[in-house]
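Trainee: Line by line, the protein sequences give chains A and B.
This note's numbering applies: residue 1 is where the first sequence begins, and numbers increase by one.
This note's numbering applies: residue 1 is where the second sequence begins, and numbers increase by one.
Where hints are given, some of them may not hold.
It does not matter which identical chain is used: a pair holds within one copy or between any two.
[Stated by the list, open to error] Pairs of lysine to any residue, SDA-like flavour, derived with a Cα cap of 25 Å:
| hint | residue 1 | residue 2 |
| --- | --- | --- |
| 1 | Lys279 | Pro168 |
| 2 | Lys38 | Cys175 |
| 3 | Lys283 | Trp235 |
| 4 | Lys215 | Arg49 |
| 5 | Lys75 | Asp127 |
| 6 | Lys3 | Asn174 |
| 7 | Lys297 | Asp147 |
I should point out that these hints are in silico values taken from the structure, not numbers from a laboratory.
In this text, all values refer to a predicted model and were calculated from it rather than measured experimentally.
2 protein chains.
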Amino acid sequence: MGKIAIGFDIGGTNLRAALIREEGHILERRSVLSEADKGIEFVVKNLARLIQQTIKGGGIAGVGIGIPGIIDSSKGILTQAPNICNVNNYPLRDMLIEKIGQSVPVFIENDANCAAIGEWWIGAGKDAKSLIILTLGTGVGGGIILDGVLWNGADGMAGEIGHITIYPDGAKCNCGNFGCLESYASAVAIRRMVDHGLERNVETIIREKITNRSKERIPEIVAEAAIEGDKFALWVWEEVGKALGIAIADLVNLLNVEMVIIGGGLANAWELFIDRAKKEAKKRGLRAPIKRAKIVKGVLGDDAGILGAGYLVFKEKGII
Amino acid sequence: MGKIAIGFDIGGTNLRAALIREEGHILERRSVLSEADKGIEFVVKNLARLIQQTIKGGGIAGVGIGIPGIIDSSKGILTQAPNICNVNNYPLRDMLIEKIGQSVPVFIENDANCAAIGEWWIGAGKDAKSLIILTLGTGVGGGIILDGVLWNGADGMAGEIGHITIYPDGAKCNCGNFGCLESYASAVAIRRMVDHGLERNVETIIREKITNRSKERIPEIVAEAAIEGDKFALWVWEEVGKALGIAIADLVNLLNVEMVIIGGGLANAWELFIDRAKKEAKKRGLRAPIKRAKIVKGVLGDDAGILGAGYLVFKEKGII
Chain A
1 MGKIAIGFDI
11 GGTNLRAALI
21 REEGHILERR
31 SVLSEADKGI
41 EFVVKNLARL
51 IQQTIKGGGI
61 AGVGIGIPGI
71 IDSSKGILTQ
81 APNICNVNNY
91 PLRDMLIEKI
101 GQSVPVFIEN
111 DANCAAIGEW
121 WIGAGKDAKS
131 LIILTLGTGV
141 GGGIILDGVL
151 WNGADGMAGE
161 IGHITIYPDG
171 AKCNCGNFGC
181 LESYASAVAI
191 RRMVDHGLER
201 NVETIIREKI
211 TNRSKERIPE
221 IVAEAAIEGD
231 KFALWVWEEV
241 GKALGIAIAD
251 LVNLLNVEMV
261 IIGGGLANAW
271 ELFIDRAKKE
281 AKKRGLRAPI
291 KRAKIVKGVL
301 GDDAGILGAG
311 YLVFKEKGII
Chain B
1 MGKIAIGFDI
11 GGTNLRAALI
21 REEGHILERR
31 SVLSEADKGI
41 EFVVKNLARL
51 IQQTIKGGGI
61 AGVGIGIPGI
71 IDSSKGILTQ
81 APNICNVNNY
91 PLRDMLIEKI
101 GQSVPVFIEN
111 DANCAAIGEW
121 WIGAGKDAKS
131 LIILTLGTGV
141 GGGIILDGVL
151 WNGADGMAGE
161 IGHITIYPDG
171 AKCNCGNFGC
181 LESYASAVAI
191 RRMVDHGLER
201 NVETIIREKI
211 TNRSKERIPE
221 IVAEAAIEGD
231 KFALWVWEEV
241 GKALGIAIAD
251 LVNLLNVEMV
261 IIGGGLANAW
271 ELFIDRAKKE
281 AKKRGLRAPI
291 KRAKIVKGVL
301 GDDAGILGAG
311 YLVFKEKGII
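Turn these sequences into a full structure, and let the hints guide you.
Mentor: Right, dumping it as C-alpha cells:
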C-alpha cells in the first residue's frame, strides 16, 4: 500500500477524481459538481470532501490536481483561473490542506501541463523524451516536456500555446490579443466562425442542425456537417488545421521536439483538420526538424490530465 | 594551467578565436580568413592551422566552436550551414581532430546557442536561470537557456527563432517559408524593405546615402537616416520592432522565461526599434509572464559566441 495517488481534474462543471496505481492503472473514479460559478471557496469545499472520502481507507501517497489556469506550482498558488469565479492569487494548496484537516501531500499543476505529463508517462508520447501537447477544447491549452521533464517556466506559467499569435490582425482573443491560436483552433473559435458565417447568410446545413439546446455542441455539429460534405463546415475545419499547422511549425522550429500531440475534445474531429495541419506545418517548418517531429493524436482522452496529476505525486514523493 | 579553453566563432568572412580563462577572461585573440566561399574543407584547414598554432604552448582544456548552421552537437556533425559552401551532414568534429593530429577535445554548437550561453554565463543574463537570446544579424539566430541549461533540442536543432512565422502571408524567407521573423528583423529584411521603398519612389534621404560601395552597410545607413528624422527610415525600424515584439510575446507566452536578450549587429540601433518592440510584446503577451520578462540588450557584443563556445569546453570537461 501507499503507492496509490489521487489524481484530480478540475473542470468548470465537474470535479473528476481517480485512484491511480504507480504503473498508471486507474482503480476507481469519482465525480462531483465543481460549483465553479459560485467561486473558488465552493470548489475547495467540494474538492476537500471528495479527498476526505477517498483517503479514509488510508494508504494514499498524495493528491495531484490539474486545474485550468495559471499556477505557481512551487507555492501551490492559483494565480488566475478564467473558469472559476473570484480567483486572484488564491493559495489553493494551503486552503485545501486546511480544509482536509489531515496531513496529505498536495501538488497543483496546470491541467494542460498535467495532460502533457500523462501522455508522456503512459500515453502517445511514452517513447519520446521531448514533446509538446496541444489540448483543443473550449480554449487551447499546452504543455511542454523537454528531456523527460515538464518545463513549466520561471513562475509555472509556461506552455500557453493557445496565445501565440498566428494572425497579427486576426480575431480578438479572450486574452486581449488579436489572432491567437485559440481564436482559430478551439470550440470558441469554431462558434465564432459559425456565427460569422450564419450572419453573412452562407449556404450551409449547419443552420438547420443548430437548435437552442445544441449551442454547446457546435463543434460536433460542424463536424457532422463536414462529414456530410457541407462546404462551409469543411472550410471551418480547414481554418482550424491551417492555424494549427502554423503553430506546429513555430513550435518545432523553436524547440525541435520529437513529438507534437494533439488532444482535447476537438481532436475527435481529427480526420477533418489533420491533413491541412500537417501540410501547413511541413510547408513552414525547417526541413530536418519538421521531418523528425511526429504529429499524433493523444490516446488517453479525458484521462490524460488526471493521470499526469497522479504522476506528479509519485514523482515528487520519489516513488517513481 | 589546463584551465584555458579556445573559443571559436566561424563567420562567413573571418574565423575568430580567443583564449579564455575559466572565469570568462579573454587572454588573447586571433583571427584568420575563413574562406567559407571555397567550401567547408578550406574552413577546416584554416581552423586546424589556427588551433595548432594556439595549442603549441600546451595546457589547453579543449576547443569550443560556434558555427552558424544546424548542428548535431552530440555527434559533432554540421547538418546544414547556409554561409559555407558544400555542407551536407559534414562530420566537422572528426575531420577537425584528424587535421589537428593531436588529442584535443572539440565541442561544436550553433553560434546563436553559443551566444545564449555566453550572455547567460557572464553577460546580460548572468543572474537569470532562464532566458532566450535573439541575435539580429544578416539573419536572425536564437538560443534558449532553461534552468541554466541550453535547450538545443532532440537533435541539436532547437532555437530557430528566426523562422517562426510572424505574418503567414508575409515576405518570402530564405528558408522557403513566408513571413518569418527573419524576413522582418534582420539585415536581409532591412535591405528588402529599402529596395522595395526605393522602387516605389518613396521620399527618403537613404537614396542619396547609398553608394555601390555601401550596399553591405544598409542597416547602418537606415539607422543614420532614422536618427536624422527620415520618415521612411523610421518606418523601417518600426517594422523591425513590431515583428520583434510579436515574436517576444510568443516566446514569453510559450516559455515563461525570466529574460529576453537581443544581440547581433542590429542591436546597435536599439533606440530605433526597442520601444515599439516592447509595446507590441506587452500588447500581445499574457499579463503576468510578459510583465515578469526583462527585455534587454546583450552586453558581450561579438564576444558572446566565442565566450559561450569556451564555456562549453569548461562545462563538458567538468572544470566549472
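Trainee: Quick one: Lys283 to Trp235, C-alpha cut-off 25 Å, is that within a copy, between copies, both, or neither?
Mentor: Intra 19 Å, inter 30 Å, cutoff 25 Å: intra-copy only.
Trainee: Is it within, between, both, or neither for Lys297 and Asp147, if the alpha carbons may be no more than 25 Å apart?
Mentor: within (20 Å within a copy, 29 Å between copies)
Trainee: Measure nothing new, just compare the shortest in-copy and cross-copy C-alpha distances for Lys3 and Asn174 to 25 Å and report within, between, both or neither.
Mentor: neither (41 Å within a copy, 54 Å between copies)
Trainee: Is it within, between, both or neither when you check Lys215 against Arg49 at 25 Å Cα-Cα?
Mentor: neither (33 Å within a copy, 72 Å between copies)
Trainee: State whether the alpha carbon distance between Lys279 and Pro168 is at most 25 Å within one copy, between copies, both, or neither.
Mentor: So Lys279 and Pro168 pass the 25 Å test inside a copy (21 Å) and across (14 Å) alike.
Trainee: Indicate which option fits the pair Lys38, Cys175 if close means a Cα-Cα distance not exceeding 25 Å: within, between, both or neither.
Mentor: Answer is within; shortest intra-copy Cα gap is 22 Å, inter-copy 52 Å.
Trainee: Given identical chains, is Lys75 near Asp127, meaning Cα to Cα at most 25 Å, within a copy, between copies, both, or neither?
Mentor: between (31 Å within a copy, 22 Å between copies)
Of the hints listed earlier, those the structure fails to meet are numbers 4, 6, in rising order.
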